[in-house]
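**Q** Those sequence lines, one after another, are chains A and B. Counting from 1, one number per residue, gives the positions in the first sequence under the numbering used here. Counting from 1, one number per residue, gives the positions in the second sequence under the numbering used here.
Simulated from the structure, these hints should not be mistaken for lab results. In this text, a Cβ means the ideal position worked out from N, Cα and C, and glycines have one as well. Take the hints with a grain of salt, since some may be wrong.
As the list claims (entries may be wrong) - Not everything, but these chain B residues come out facing chain A in the computed CB check (under 7 angstroms):
hint, residue
1, Arg2
2, Asn4
3, Ala6
4, Pro116
5, Leu296
6, Glu298
7, Ala304
Claimed, not checked - Computed beta-carbon distance windows for the label pairs:
hint, chain 1, residue 1, chain 2, residue 2, range
8, A, Leu92, B, Asn309, 17 to 25 angstroms
9, B, Tyr311, A, Ala267, 45 to 53 angstroms
10, A, Glu144, B, Phe325, 32 to 40 angstroms
11, B, Leu14, A, Ala267, 57 to 65 angstroms
12, A, Ser241, B, Phe7, 44 to 52 angstroms
13, B, Leu14, A, Leu94, 37 to 45 angstroms
14, B, Lys378, A, Ser96, 14 to 22 angstroms
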Amino acid sequence: MKTDSKTIDELLKNWDPDPNSLRVRVNGLGHYYGTGDARKQVLFNNTLNISPGEIVIMTGPSGSGKTTLLTLIGTLRSVQEGSLKIMDTELLGLPSKDIVELRKNIGFFFQAHNLFESLSAYQNVRMACELVNRKESEAKPKIEQVLTRLGLGERIHYKPKSLSGGQKQRVAIARGVINKPKLILADEPTAALDAESGREVVTMFQELASQTGCTILIVTHDNRILDVADRIVNMVDGHISSNVMVQRSATICSIIREFPAFSELTASNLTAVADSMELRRFDAGQPIIQQGDVGTEFFVIAKGDVDIVIDGNRVNSLKSGDYFGEVALIKDQPRNATVLAKEPTSCFVLDKDEFRSIIDASATFEDEVRQAIFDRQ
Amino acid sequence: MRTNLAFANIRSSLTRTLISVAGIGIAVVLIFMQLGFRGAVESTATTIYGKMDFDVIVRSKDYLHFVDSRQISMSLSAVIKSVPGTQKPTPFYVSMGNWRHPKGELIRGVIIMGTPFGSSPFADTDLTRKIRRLTAKPFVLIDQKTHFEFGPVNKRKFGDEDIGVITNVTNSAVKIVGHFEIGAGLTANGSIITSDRGFEELLGGAFNVQKNTSMFLVKLDNPDNATLVASQINNRLPNTHNAVALTREEVMQAELTRWIDQTPLGFVFTLGVIVSFIVGSAIVFMVLSNDVTNRLPEYATLKAMGYTNYYLSTIVLRQATYLAFFAFVPALATSLVLYQVTSFLANILIQMTLVRMLAVLLLSVMMCWLSGVGALKKLWQAEPASLF
């Protein structure tokens, strides 16, 4: 994958989102079912931050707690332990009146479509519009537009019982998005749909996310739609076992696999390395490593140029995609050079232990490194 | 415009709606019939009194009801006359007898009313004129509303062609000399009017019309003074005579109390209304709670969307109200028909009144609301988290 500088710019910009602008902030969230002896913990100390416009796909075996987490975020269950903020409102101990009000900003898609059997497709969607008291004259074109967009133009006034499973699901989706919610929570939204309709739905999600900054959280096992995810959260036994920002991972991978030892890694190992890397920023003129120090980290430059200085003399300069700091780690020696940031610079940093474990796994690596070091000089 | 989910629900499950409307409708019809019967009892109980011309009545303290009036002494006439503002008291005789079919053996109970020649106990001037025909002991006037079992010539209703017909009442011969129209009431299916001497004859010596009377009808110079005059008469009535004076209102009320409260009739009808109400409520409750259960995921979805419990409750209660109104209209129509049929068959007048219509409408709405409120509990338990 070729990584252009624009992708990197975007990645670096969004690396640490402003905590005040987060749409969902889960902190130390635990949850229990049952009472007394039957009380069973289903969520353990989970932490998850989601930004506006982000599409998050949650996966995990059944019983892993992902649906519980989804319903907690969707205000459909009371928070028992920890902190859960959506749209800057703490849900722990929030009065039910405020919870009901908050729900108007959330679009839900259920595995069962749950349309009102006695209402037409149009009226079903209008039930959502009425929540925000939109005038019929304003609502009508919007409803018709959304339904038409979802391929239901001919069936706007059909009752659910005259619609196929996929069509019903699409009506439910129209109902969920019509008010442009700030948060969409979906449980297997594409499970009942054919590939084409499923694609139409996720495309709609993507548009909502990018145009209105809507945050979308999808529980799914449908790997056809994994490509829309900005982040994939995997849950096991009530814990978030991995929380991967897909774009970020991919970008980091494309940068770090230029390093010979990493190029041999399988995609999943490379992703694991990418996920364990940390971003560090340096100002112009700031030393990144100092000659003579003990080397504890390996660096890959994400953006910016750096100078390599040995004994006060500039011997070389490195640019985006280049790496440094490996020699001291491999040879267990003090740093043999100082690296100075020439301009504001961002580097991905991997600590020594992680680095060593990858090196040790790579048989041919030592030679290559030597060659690389030789080439550089 | 808001989507009328309640109406849509009612319309979409049409079969269920029709069945429940039928069930509620039957309950409403039952309520109408019970109230109709009760109303008929109330109006027939006072039919004859209603036609009689008096402001105050003096009668025995042992009086039970119109045809079981007991006897008081004729001598009380003087006491009554002594009270200022009273006009001459008219003795009035009433009892039961056995009417024999003129051309058969069929015996039927008949109300016998006796009046002295020349007096006019009834307000109707035409009847007063006819009473003058009762010049001989066996002469009687017969009520045209008397049941056809009594044997009119045309087999349907007594009329002019029955004048001159001779038959027996309690073993004494009578001759029909005319007819009138009042309606007998609940104790008998027919009534006749005869003279005081005729009355004595028909009672076969059980009643001495010279010494006793069933009651005195008293007209007042000023009918507005009835309460005052009645109490003045009461003050003067000797204790030994066991008699009491009552105003027209008191007489009417006493007759109603007698029939509605002192017989099981009123209780039976009230119980009938209560039972019908409970049956109707049970039907509505079953229908609504079934409906809520079927739509529970839909209601839970509404909650997830941000609709309040209050809004959901209004949907169910509106559904209940629709059911009440939809059931009421055909039930009212059916009841009107049944009133006619029953009036004809039972020979008592059952009439629909506006008050009764409104009361039953209110009752059926209450019935549906109560049941609706019962179904709400289920609704509030709708758990949106269970939808995922």
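**Q** Each hint needs a verdict: does it hold in this structure or not?
**A** Against the structure, the hints come out as follows:
Here the hint on Arg2/B is kept, as its CB sits about 6 angstroms from the closest CB of chain A, short of 7 angstroms. Checking Asn4/B against chain A: minimum C-beta separation of about 9 angstroms lies over 7 angstroms; hint violated. At its closest, the beta carbon of Ala6/B sits 9 angstroms from a beta carbon of chain A; the interface hint therefore is violated under the 7 angstroms criterion. Look at Pro116/B: its Cβ only gets to about 75 angstroms from chain A, farther than 7 angstroms, so that hint breaks.
About 10 angstroms separates the beta-carbon of Leu296/B from the nearest beta-carbon of chain A, more than 7 angstroms, and the hint is not met. This hint holds: Glu298/B has a C-beta 5 angstroms from the nearest C-beta of chain A, less than the 7 angstroms allowed. With 7 angstroms as the threshold, the beta carbon of Ala304/B comes within range of chain A, its nearest partner Cβ sitting at about 5 angstroms, so the hint holds. A hinted range of 17 to 25 angstroms holds for the C-beta pair Leu92/A and Asn309/B, which are about 22 angstroms apart.
For Tyr311/B paired with Ala267/A, a C-beta distance near 51 angstroms keeps the hint of 45 to 53 angstroms intact. Take Glu144/A and Phe325/B: their Cβ atoms lie about 34 angstroms apart, and the range 32 to 40 angstroms holds. At about 59 angstroms, the CB distance of Leu14/B to Ala267/A agrees with the hint of 57 to 65 angstroms. For Ser241/A and Phe7/B, the Cβ-Cβ distance of about 50 angstroms falls inside the hinted range of 44 to 52 angstroms, so the restraint holds.
At roughly 42 angstroms, the beta-carbon separation of Leu14/B and Leu94/A lies within the given 37 to 45 angstroms, and the hint holds. Taking 14 to 22 angstroms as the suggested C-beta distance range, the pair Lys378/B and Ser96/A conforms, at roughly 18 angstroms.
Of the hints listed earlier, those the structure fails to meet are numbers 2, 3, 4 and 5, in rising order.
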